[in-house]
Amino acid sequence: MNAVVIRETFRRHVTHAGYISVLVLIAILGIVSAQSIRPATFWPGLVTLLAVVTGCGIIGPEFSSGTLQLILVKPVNRSSYLLSRVTGVLLVIWLAALTGCAAETLARLFNKSLVLESMGIGLVNVMAETLLIVSLLTLLGSITRAYFNVAIFYGLQIALAVGAAVLRMSREVPAFVLEALAAIDRNLFPDVPPLPNPGLLLLLLSNAAVALLLACLAFNQREVPYGAD
Amino acid sequence: MTVQVQSLRKSFRAHEVLKGIDLTVAPGEVVGLIGPNGAGKTTLMSCLLGFLHPDDGEITIDGRANDDLDVRRRTGFVPERMNFGRRVTGQEFLRYMAGLAGVPRTEVASRSAAMLERLGLGGAEHKRLSQYSRGMLQRIGMAQALIHGPDYVFLDEPTSGLDPNGVLLVRDLIAEQKARGAAVLLNSHQLAEIEKVCDRVVFLQRGVIAHAETLRHVDKIVVAITLLPGSFDPVTLAKISGVVPKENVVVVAVDAEGDIARIVRALVESGAGVIDVRRHTADLESIFRGAA
Chain A
1 MNAVVIRETF
11 RRHVTHAGYI
21 SVLVLIAILG
31 IVSAQSIRPA
41 TFWPGLVTLL
51 AVVTGCGIIG
61 PEFSSGTLQL
71 ILVKPVNRSS
81 YLLSRVTGVL
91 LVIWLAALTG
101 CAAETLARLF
111 NKSLVLESMG
121 IGLVNVMAET
131 LLIVSLLTLL
141 GSITRAYFNV
151 AIFYGLQIAL
161 AVGAAVLRMS
171 REVPAFVLEA
181 LAAIDRNLFP
191 DVPPLPNPGL
201 LLLLLSNAAV
211 ALLLACLAFN
221 QREVPYGAD
Chain B
1 MTVQVQSLRK
11 SFRAHEVLKG
21 IDLTVAPGEV
31 VGLIGPNGAG
41 KTTLMSCLLG
51 FLHPDDGEIT
61 IDGRANDDLD
71 VRRRTGFVPE
81 RMNFGRRVTG
91 QEFLRYMAGL
101 AGVPRTEVAS
111 RSAAMLERLG
121 LGGAEHKRLS
131 QYSRGMLQRI
141 GMAQALIHGP
151 DYVFLDEPTS
161 GLDPNGVLLV
171 RDLIAEQKAR
181 GAAVLLNSHQ
191 LAEIEKVCDR
201 VVFLQRGVIA
211 HAETLRHVDK
221 IVVAITLLPG
231 SFDPVTLAKI
241 SGVVPKENVV
251 VVAVDAEGDI
261 ARIVRALVES
271 GAGVIDVRRH
281 TADLESIFRG
291 AA
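From first to last, the protein sequence lines stand for chains A and B. The numbering used here numbers the first residue of the first sequence as 1 and each following residue consecutively. The numbering used here numbers the first residue of the second sequence as 1 and each following residue consecutively.
None of these hints come from the bench; they were simulated from the model. Ideal Cβ placement from N, Cα and C applies to all residues, glycine included. No false leads were slipped in.
Quick look at which bits of chain B chain A covers, simulated, 3 or more residues with Cβ under 8 Å: (1) 47–61; (2) 70–78.
With the C-beta cut set under 8 Å, the calculated list includes, among others, these residues of chain B facing chain A: (3) R81; (4) N83; (5) F84; (6) G85; (7) V88; (8) Y96; (9) G99; (10) L100; (11) A101; (12) G102; (13) Q144.
To give a feel for the contact side, a few chain A residues facing chain B, derived at Cβ under 7 Å: (14) V4; (15) G66; (16) K74; (17) V76; (18) P225.
All chains, full assembly: derive it from the sequences and hints.
Structure below.
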């Protein structure tokens, strides 16, 4: 890990007007969530969207813009750079998650409807879910250019849903194919309700770890030609 | 501290771009890399910097692999076009680059400020890179490459987009790197610039080194002696100067100015008519035309 890269990634995001606006919006949604019976209802959605927006900026766009060439001649190991960028982005996302959670907690304290345990579970689940999203986008960014990673991310999600639905209509498709598609969907794009589920948490963490490992392997082998696009 | 390339080959699918390149850049030497578009200059530079993986051959810098982190700590690179997050200011960018290059945290601010001042960007440190002109981006590109005092400097068209003052500044900076003992590889289309700053020029053509020319010996004086056509015997001339004449011009490298007088005297005594004696500079334009 490289502290300079983590610091710079964090600094660049938190000083961005767009990020500050999203942070304010998340805080507002946190307050609105306090009106709901179920904790962590509204703000987690925006946090996961923030994870997609910030996560898709890792490696892929840097590859296309030529920024990577300036970095790669510096004494920073490629894997270390990649993981540091991921860490910086995660800190930014988790700060947003904490803001949403803190806003909802304060509002619930005011409403006298605070369920501290549920709030904590909601926060941990969102953090784990965003870790998986960022890891997947990093993996896709390490093998594609520009913002193709986000296109593949959403394309794959849609293709899995539509593909499974279409195949289900046909009686000739073996059951194991449908099960395999469902398993891929569950592993890559799991539904994460704000409920205690250690199994799901473990699935998110292990899949994120595998995605990051593959991303490091791909990035280490990748050629970074001049004027890539 | 030598940059060494041996039998380097690189292909993109069926197209072989580099076909066995051998190149050495010694400490304190500035080597120019020139050639027509598509000759493989950028591919060679990319292989040297570890952006591309060669198919065959070896690249060593100070006896180590080019992706060795210690080698990278001592490497500086100026890309042809500076692309970085345009939202960051010049100061933020330079501090980030200095931090990545391993400049001690306590020195980052002072070195960045000094470098910005040196590159004539003193008043523009708080401007965003999006507000920088092409020339300013080129200057800050130079600053990030040199801020850590690298031993190996790779420059890709460092003067493109620069005004005459900027060109002079880059020339001075290259001379400073050479004086420090850094090995400098300069990729440029500006033949006049190459002629002024390089000790040696390598002409790359269709993936091979078509021609190499020494412009300036590091510790020697190179002179061109023009003789009256038909007034000399090439064999005698070769014995005196140690060099076979090319048409009626003899190019010799000597250790001291006194040696020039000694050779000229010997030539005159052999009956050769000496028309002109001057410090030698290669005519890169005609060599380029000949090679291209």
